[in-house]
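Each chain, written out:
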Amino acid sequence: MKKKVVSLLVAAMTVASLTACGNSGSDAPAANQEPAPAEKQEAEPAPAESQAEAPAESQAEAPAPAADGGTISVGFAQVGHESDWRAANTKNYQDTFSAANGYELSFVDCDNDHAVQIETVRGFIEQELDYICIAPIQSAGWDTVLQEAKDAGIPVLIVDRAVDADPSLYTTALGCDMIAEGEAAGNWLAEYLNGEDANILVIEGSVGASATLGRTEGFNNIVSQNSNWKVLDSQSGDFTQAGGQEVMESFIKSYSDFNVVVCQNDNEAYGAMDAMDAAGITYGVDGDVTIISFDATHDGLQYTLDGKITCNVECNPLQAGFAEDVIKKLQAGEAVDAWTLVVDEAFVAPGITSKYAVTMSQEVLDGRAY
Amino acid sequence: MDKVKKITKMKLFLPIFSMILVMMINVIYDIASGNPPFGFFSISINNGILYGRLIDVLNRGSEVAILAIGMTLVVSASAGTDISVGSVMSLSGGLCCMLLAGYGVTNVSEYAVPLWVGMLAGIAIACVCGLFNGFLVAYMNIQPMVATLILWSAGRAIGLLLCNSNIVYVRVPSFQFFGAYCGIIPTPILIAAVCVAVASIVLKSTALGTYIQSVGINKKASRISGFNSAKIILLCYVICGLCAGIAGLVATCRIYSADTNNIGLNMELDAILAVALGGNSLGGGKFNLAGSIIGAYTIQAITTTLYALGVSSAQAPVFKAIVVILIVVIQSQPVKDYFKKLSAKKAGAKEAA
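Chains E and X, in that order, are what the protein sequence lines are.
For the first sequence, my numbering gives the first residue as 2, with consecutive numbering after it.
For the second sequence, my numbering gives the first residue as 1361, with consecutive numbering after it.
Take these hints with a grain of salt, some might be off.
To be verified - One-sided and incomplete, this derived list gives chain E residues near chain X with beta-carbon spacing under 10 Å:
| hint | residue |
| --- | --- |
| 1 | Glu83 |
| 2 | Ser84 |
| 3 | Asn113 |
| 4 | His115 |
| 5 | Ala116 |
| 6 | Pro168 |
| 7 | Ser207 |
| 8 | Thr213 |
| 9 | Gly238 |
| 10 | Gln242 |
| 11 | Gln246 |
| 12 | Ile253 |
| 13 | Tyr271 |
| 14 | Ala279 |
| 15 | Ala280 |
Simulated from the structure, these hints should not be mistaken for laboratory data.
Think of the CB as a built atom: it goes at the ideal place given N, C-alpha and C, for glycine as much as any other residue.
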């Protein structure tokens, strides 16, 4: 009897949650589609008006905030806080879109949950914010909500990562080029090794992440240009220190002869260094193994300055300035590019000069904003 | 012949057999690729520490082994699983590092409070989590998976709040010690060994194990025979929380930082799998702690094997799934029955001859 009650309850909850999902999912298209045909017949001018008005309004308002201290409201649906990089990225947005600069930033940390992020953006639309920035957790599944934003006349900036949606649905996209980062690392290595053989081990990021795919592709492009380079193995360390350590421990046992380790983010590099320390393998400028890392966080660059991570390719988290430029242009009624590239730099340990990278020094580190 | 039968009838035969099976993959691979056939099993002392893949399995499997202790008891007593353990690991590590570093600080090289305060707080909060889960299951009669679902989602979030959404580094050697090496042996191995030893001594030397099993087999009958069923279930959840706390601290000390987003991520599933691979029924009742521990190391052996074989990260989950399916099928009742029938037939044929 009890079991029956419980199973009934579970079934009821499942149905309830299903309908709940269905509601939130189907409300949106219904809201978009149903009024549309109706409006086409009788309220044709209405949407046209509201659409024409929206930009006009924001343009009209734009000089006003500067004049009388009003603010531009910006919503930012951030991925989460999975790494130092993301924390720096978040802080940059919070600093750039501060009240002092004439903005009102609605910041939401979506904690790596796609559904939460969609709801967040929907919330921004309901609050009628002036601009929405999205750092998409997943690339797919954005059409509906982007359409809603478009219908509401709110410009959407896709930042940091890409979405798999029709570009007409959002205003602009900006971010780093991960393939270029991989190529930068490869180009620097070619210059550094100067014709020497390379036996390379790669600790990849999370499987399927755009950073993993781009950095792998970019680096492999350069590997294929050098016949004496060999990628011995490539495994995922999930962008974490523990993952990097575990993969490196295994690599050390599988391969005795390697001289380059490529870690696709700094956290993995910390783990790999711990594993090599434990096994008594020397690395860095004076060691047997050259470590290349990505992200160039503050801690990561400290290791570069100490000569442990020989080359650290930045993925610039200070993207808010680029976003602000776009918003300023939009405020002024100017056209914006469909894609804005956030410029990355590479950093190399002191004592190395390279045409592809900046030589690390205490001043460079102190001058970093994160 | 009788000896073989005796061995195959042992409770632990199948879990151990599965583990050996997994490791044999390495032997076959090594022979095929021309390496020394037992390379996987070789242990040496390198740079002053024990070195070898077997050590990696024992070291990296520590957290799941510790979790498996608590999970086994929870499964046995309440016929349900505690899916909050991964999150609780993260919470315990997060609180510990937050206290040691001070709130909002992300990188320290000396403690803000003594080490034992942080450690104790981490373990205490995990026990409180266990108490909360246990209360919901034992006294509110909520289904274990539903009850623990609350902390499954909230535990990690609280950990993140405590750490102000940052990765908090505690770069102090005495903190790192618990995730690094004690002499030549990785400390996590020792911690796991102590946990397993304490658990098995307590379960063997007291009647607790019997109580838990009888509650798991029939809660009502146990209550009528005078056990406080609810209290025993509560106790199991607290022990499970305690184990999660210890495992969380081990994982935290390994990377000397509270990476609350990633510590213990999906580890509840590994712990449940360990219990299942150990030949335990997830329907509760009789349990076999040694089986669960072997199950935990079997999971790690699969992971380490996949690294050793160089299976690409994208394909690794598929291989893992295939191995797990094989192990579970080998231990399933129909397959067991088939082998029993087969051996009976053989015996019958012998007698006839």
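Does Ser84 (chain E) meet its interface restraint, that is, does its C-beta lie within less than 10 Å of any C-beta in chain X? 7 Å, holds
Interface restraint verdict for Pro168 (chain E) against chain X (beta-carbon cut-off 10 Å): 29 Å, violated
Let me know if the C-beta of His115 (chain E) comes in closer than 10 Å to any C-beta of chain X, holds or violated. 15 Å, violated
Using 10 Å as the Cβ threshold, decide whether Ile253 (chain E) counts as touching chain X. Constraint on Ile253 (chain E) satisfied, holds at 9 Å.
Interface hint compliance - Thr213 (chain E) to chain X, C-beta minimum distance less than 10 Å: Holds: closest Cβ of chain X sits about 9 Å from Thr213 (chain E), inside 10 Å.
Minimum beta-carbon distance criterion (10 Å), Ala116 (chain E) to chain X: Not OK, violated: Ala116 (chain E) not within 10 Å of chain X, min 13 Å.
Min Cβ distance, Gln242 (chain E) to chain X: is it shorter than 10 Å? Where the cut-off is 10 Å and the nearest Cβ of chain X is about 4 Å from Gln242 (chain E), the hint holds.
Holds or violated: is there a CB of chain X closer than 10 Å to the CB of Glu83 (chain E)? 5 Å, holds
Gln246 (chain E) as chain X interface residue, shortest Cβ-Cβ below 10 Å: Result: holds, 7 Å to nearest chain X Cβ.
Chain X contact restraint for Asn113 (chain E) - C-beta distance below 10 Å: Given a least distance of 8 Å, the restraint on Asn113 (chain E) holds.
Status of the Gly238 (chain E) interface restraint (C-beta, 10 Å, chain X): Nearest chain X Cβ about 9 Å off; hint holds.
Against chain X, run the beta carbon of Ala279 (chain E) and see if the smallest gap drops under 10 Å. 6 Å, holds
The structure shown violates the earlier hints numbered 4, 5 and 6.
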